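Undergrad: Take these sequences, add in the hints, and give me the full structure.
Under our numbering, think of the first position of the sequence shown as 1192, with each following residue one higher.
No wet-lab data here; the hints were simulated from the structure.
One or more hints might be untrue.
Pairwise CB distance ranges (calculated) [unchecked claim]: (1) C1258 - P1228: 27 to 37 angstroms; (2) E1229 - D1198: 26 to 36 angstroms; (3) V1192 - P1236: 15 to 25 angstroms.
Fair warning: this is a prediction, and the values are worked out from it, not measured in the lab.
Note that the Cβ used here is the ideal one computed from N, Cα and C, for glycine as well.
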Amino acid sequence: VVGFCRDVGLPTTLGGVGLDAADEATLRRIAEVASEPESLVLNEPFAITPQKVYDALLAADRVGSAC
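TA: What follows is the structure, encoded as structure tokens:
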């Protein structure tokens, strides 16, 4: 997926979308909003929590940075 995103010019890191991985307050707020009851992410077949979304944001940033 990272290779495809790079091939077509899509960002693969938080920095690529104007966010700083070290800005914990902003990332946690994003995770909270993404986990609100009306969010489409809640259609996943497992429990979604703000902590899981926050962790996923950081993990995706690490993967995007490593590739």
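Undergrad: Take the C-beta atom of V1192 and the C-beta atom of P1236, compute their distance, and say whether it sits inside 15 to 25 angstroms.
TA: holds, 20 angstroms
Undergrad: Range hint 27 to 37 angstroms: satisfied by the CB atoms of C1258 and P1228?
TA: Holds - the Cβ-Cβ distance for C1258 and P1228, about 34 angstroms, lies within 27 to 37 angstroms.
Undergrad: Does the hinted range 26 to 36 angstroms hold for E1229 and D1198 at CB?
TA: holds, 34 angstroms
Consistency with the previously given hints is maintained throughout, with no hint failing.
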